[in-house]
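Engineer: So the protein lines, in turn, are chains A and B. Numbered per UniProt numbering, the first sequence spans residues 1 to 72. Numbered per UniProt numbering, the second sequence spans residues 1 to 386.
It should be emphasised that the hints constitute simulated quantities derived from the structure, not laboratory data. What you are looking at is a predicted structure, and each value in this text was computed from that prediction instead of being measured. Hints should not be assumed to be uniformly reliable.
As the list claims (entries may be wrong) - Here are the in silico distance ranges between beta carbons for each label pair:
{"#": "1", "chain 1": "A", "residue 1": "Ala59", "chain 2": "B", "residue 2": "Arg81", "range": "19 to 27 Å"}
{"#": "2", "chain 1": "A", "residue 1": "Pro39", "chain 2": "B", "residue 2": "Ala122", "range": "28 to 36 Å"}
{"#": "3", "chain 1": "A", "residue 1": "Arg27", "chain 2": "B", "residue 2": "Pro116", "range": "43 to 51 Å"}
Stated by the list, open to error - Each computed SDA-like pair below joins lysine to any residue, with the alpha-carbon atoms no more than 25 Å apart:
{"#": "4", "chain 1": "B", "residue 1": "Lys378", "chain 2": "A", "residue 2": "Gln23"}
{"#": "5", "chain 1": "B", "residue 1": "Lys358", "chain 2": "B", "residue 2": "Asn44"}
{"#": "6", "chain 1": "B", "residue 1": "Lys358", "chain 2": "A", "residue 2": "Gly44"}
{"#": "7", "chain 1": "B", "residue 1": "Lys358", "chain 2": "A", "residue 2": "Ala26"}
{"#": "8", "chain 1": "B", "residue 1": "Lys358", "chain 2": "A", "residue 2": "Pro33"}
{"#": "9", "chain 1": "B", "residue 1": "Lys367", "chain 2": "B", "residue 2": "Lys378"}
{"#": "10", "chain 1": "B", "residue 1": "Lys358", "chain 2": "A", "residue 2": "Ala58"}
{"#": "11", "chain 1": "B", "residue 1": "Lys367", "chain 2": "B", "residue 2": "Ala356"}
{"#": "12", "chain 1": "B", "residue 1": "Lys367", "chain 2": "A", "residue 2": "Val22"}
{"#": "13", "chain 1": "B", "residue 1": "Lys358", "chain 2": "B", "residue 2": "Ser93"}
{"#": "14", "chain 1": "B", "residue 1": "Lys378", "chain 2": "A", "residue 2": "Ala26"}
What the hints assert, rightly or not - If you want the footprint, here are the derived chain A segments under chain B, 3+ residues with CB under 8 Å:
{"#": "15", "stretch": "1-12"}
{"#": "16", "stretch": "18-32"}
{"#": "17", "stretch": "35-46"}
{"#": "18", "stretch": "52-65"}
All C-beta atoms, glycine included, are put in the ideal place defined by N, C-alpha and C.
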Amino acid sequence: MELERRGVVAPLVVTETFLPLVQAQARARRVEPRLVVVPHPVGGLNEAELAGRIEGAAAELLRMADEARGGA
Amino acid sequence: MSTDWDVVVVGAGIAGLTAARVAAEHGLRVVAYDRLTPGGQLVNLTALHEHPGGTGPELVAALTAAAEGAGVRLAYAEVTRVHPGSPVRLETSGGEVTAGAVVVATGLGPGRLGLPGEEALARRGVSTCAGCDGPLFRGRAVAVVGDDEWTAEEALELAGWASAVTVLVPGQPRWSPDRAARLAAAERVEVVPDATVTALRGEGVLSGVVVRTADGERALAVAGLFPFVGRRGPEGLVEGLAADAQGRLVPSGGVLVAGDARAGAEQSLTAAEADGRAAGEAALGALAASSGSLRIVDPTHGVLPEVDAAPVGAGSTATWTDVALFTNSKPNATELLRGLGERLQAHWGLPELGFAAKENASVAAEKDTIDWLSQRFKMVLVAVGD
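Excised from the complex, chain B in its bound form (with noise of 0.2 Å):
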């Protein structure tokens, strides 16, 4: 059987780009699909308590080293749907491929309440990512909604910055004694059981949630609202592979899922950490009993083709005087751009400099906003990364 790649995997978190480094290690071509970057929700922790691998950003760039030391080609796409089969076929917006083996390790998409005005409030202070918009809520109050361990993660560090932190959690929490011991020594948190939030305040911006609780309800003032309930696995994204009630993929048929994505998965780093090697050495037999005792390895696997590598020219006709500024929309990355931006002014006397921003760091830029920037610009100062 020709495939594009002995083994694909979907997802580029710690689950994913572990799977990928044992499946490579082993001769596999490997490639890791991630619609943005490495690493996805992990790369916003900025403290990791079960894991000995510094920050989220530190613990991806030792995952995706090693994965791409093992020969793993990480390609920056999404993959829409996965048909299971012999051989394995993946739409992506990339377009089609197809491979021996699929691990799809996507995680769990955002949190969400569904309450009325919900979509309307994201970024205005709804926001799902404590470490991307924590900063935004520095002297200001704010709530997280959940019961989970990544609650509790994301509540710790919005104390570093909030006045207040209220967790509504409803039911009973599942942390851990340690997030829970974390939680009580923190000043600036209070936690609340058994509360229910059921409506969102504020217009334009949040100001408020109203929030039920077995006194009854009540009126909670807060700028921020963090929600880590109602978190959806990859639910649809393989043909006819059943989902639990919360998303989350059964493996069956041939198909392997690692880490949050799985039902049954515990929520945590190391859980997530071990699958992906389950997952990685589970390819590998099934590739094996596949194609029987005989392997023949391609010695070039995880060397990067040449064929296009050659620069995309735009045919601008922009000059040394058209500049712009790009930002990804984080806490003060349009401050230091602007900045950046200044000195480069006055240095070049430059009339006046371009700008676009994304919409978010999440999300990828629009293509649209691309094509503007390299018809219109000869330089463009970018900010990608904090």
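Isolated chain A (complex conformation) (with noise of 0.2 Å):
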């Protein structure tokens, strides 16, 4: 989130149950994050599940992204 305030884009992979934190440290930051928000875990998750994040993350990841640098 110091990403963001110092003018850096900086999209937060974050999974569903940590989600509600993070957005609280957002608000006590005075921050609005990007988020792409992942099922949760993440940790422990084998090659392919790893791989399924990854498939269901992208899309968003790549939405915001572009549409960063077409507002930039």
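Combine both chains into one complex, guided by the hints.
Structural biologist: In structure tokens, the structure reads:
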């Protein structure tokens, strides 16, 4: 979040479980974070499961990145 | 008496967030400080068996939402010293603040065996967070050292990953019959009472420990070691406040202490929550006693100020080809980031991606790392929470 405050486009990859905590931190830091939310958990996934997380999150990340670049 | 806050709570775990919420619900101006994130070690517990709060993160999220809803301001800075008095003065990594009352709810520090080589093997086999590092030991043997509820809970969590979990108890277990039954039912868990770890083995990474029991000393080959003994309270944090043998504070002189940081506290979530509630009410009482019956409540308490809401520009000359990944080093976080980074790299035709990592998820990012990323890159994909 400090990166966003410094003007860097910094999407945060966060699991659904931790989303409320990240949002609370964002409010406290007065930042509106760009969030890429993935299902919980990430740790302990095997290769195929991890590939599924990547596949599921990639479209949102690319959309967010294109939007940030286009609006710059 | 004019102070920055009515109540400052040091530590935003279950006790601290509860104390803060209770005080704020009575109209007090309350700030809860935490070094990194709300919840403390509770964030790392994936299952709660003594509290109807779901997982650790879910409980922390609920506590955080309730505190914020009551008007508590969360602040992310380390409180390094508390000076009791009227007002209470607190030194923090973000500067000095004053308050009418303080609640210390820092919890306990991480476990330590105090053996030679332990520091060098930290995060190289020695860990104090099963939820964080358990997946690293999938299919491998680990040992857990301790005798309390937290030890049992971490052992049960590790049993979901490790091939074998040996719980080395330096005496007799103190955990509840319910946890004893669940440990007994776990096929991969063995509890060894009256066991002392006398040495660590391993060059660069942990390969085993030496254990002494009534039968003598033996080597135990383990890839992971999770010590939950030697956890200490925040002794020295509060000027002039006594501590017990475990470094837990003895409340006196108007300083309120809640949760595991308090001498004599029962180590459980429900006890910490009750302790926090009592501390929040005690803070209210202390302020009422010091200010008389008339109290003017600030109607804007809890409303975030606008003055510092503006983004801080870094003056960077980076372009959209300058993209980096920044991982918190949790298991699979780096792999997830690299996978997403490769997609972006292909999508934008980027020649390369920068990379940075925190040493581990339990520490804040180094300022130098943030400086480097903000000056060198236009976009940074961050793995922040899993």
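Engineer: Against each hint, give a clear statement of whether it holds in the structure.
Structural biologist: Tested hints:
One distance hint, 19 to 27 Å for the beta-carbon pair A:Ala59 and B:Arg81, is violated here, with the actual separation near 49 Å. In this structure the supplied range 28 to 36 Å holds for A:Pro39 paired with B:Ala122, their Cβ-Cβ distance being about 30 Å. For A:Arg27 and B:Pro116, the hinted distance range of 43 to 51 Å is satisfied, since their beta carbons lie about 45 Å from each other. Between B:Lys378 and A:Gln23, the direct Cα distance comes to roughly 23 Å. Compliance with the 25 Å bound is thereby established for this hinted pair.
Straight-line distance between C-alpha atoms of B:Lys358 and B:Asn44 comes to about 17 Å, which keeps the hinted pair within the 25 Å bound. Restraint check for B:Lys358 and A:Gly44: satisfied, since their Cα atoms lie roughly 19 Å apart, inside the 25 Å limit. Between B:Lys358 and A:Ala26 the alpha-carbon distance is near 19 Å, which keeps this suggested pair within the 25 Å criterion. At roughly 19 Å between alpha-carbon atoms, B:Lys358 and A:Pro33 fall within 25 Å of each other, so this suggested pair holds.
Annotation: proposed proximity of B:Lys367 to B:Lys378 holds, straight-line Cα distance about 18 Å (limit 25 Å). Between B:Lys358 and A:Ala58 the CA atoms are separated by roughly 23 Å; this keeps the pair inside 25 Å, and the hint holds. For a cut-off of 25 Å, the pair hint linking B:Lys367 to B:Ala356 stands: about 12 Å separates their Cα positions. Proximity of B:Lys367 to A:Val22 is assessed by CA-CA distance (about 20 Å); at most 25 Å being required, the pair is judged to hold.
Between B:Lys358 and B:Ser93 the CA atoms are separated by roughly 20 Å; this keeps the pair inside 25 Å, and the hint holds. Our distance criterion of 25 Å between C-alpha atoms is met by B:Lys378 and A:Ala26, whose separation comes to about 20 Å. With 11 residues bearing a CB less than 8 Å from a CB of chain B, the stretch 1-12 of chain A meets the requirement of three and the coverage assertion stands. With a threshold of 8 Å between beta carbons, the proposed coverage of the stretch 18-32 of chain A by chain B holds, since 11 of its residues qualify and at least three are required.
By the rule of at least three residues with a Cβ nearer than 8 Å to a Cβ of chain B, the coverage given for the stretch 35-46 of chain A holds, with 8 such residues. Counting residues of the stretch 52-65 of chain A whose CB lies closer than 8 Å to any CB of chain B gives 7, so the stated coverage by that chain holds, three being the minimum.
Going through the hint list in order, the structure does not satisfy hint 1, though it satisfies all others.
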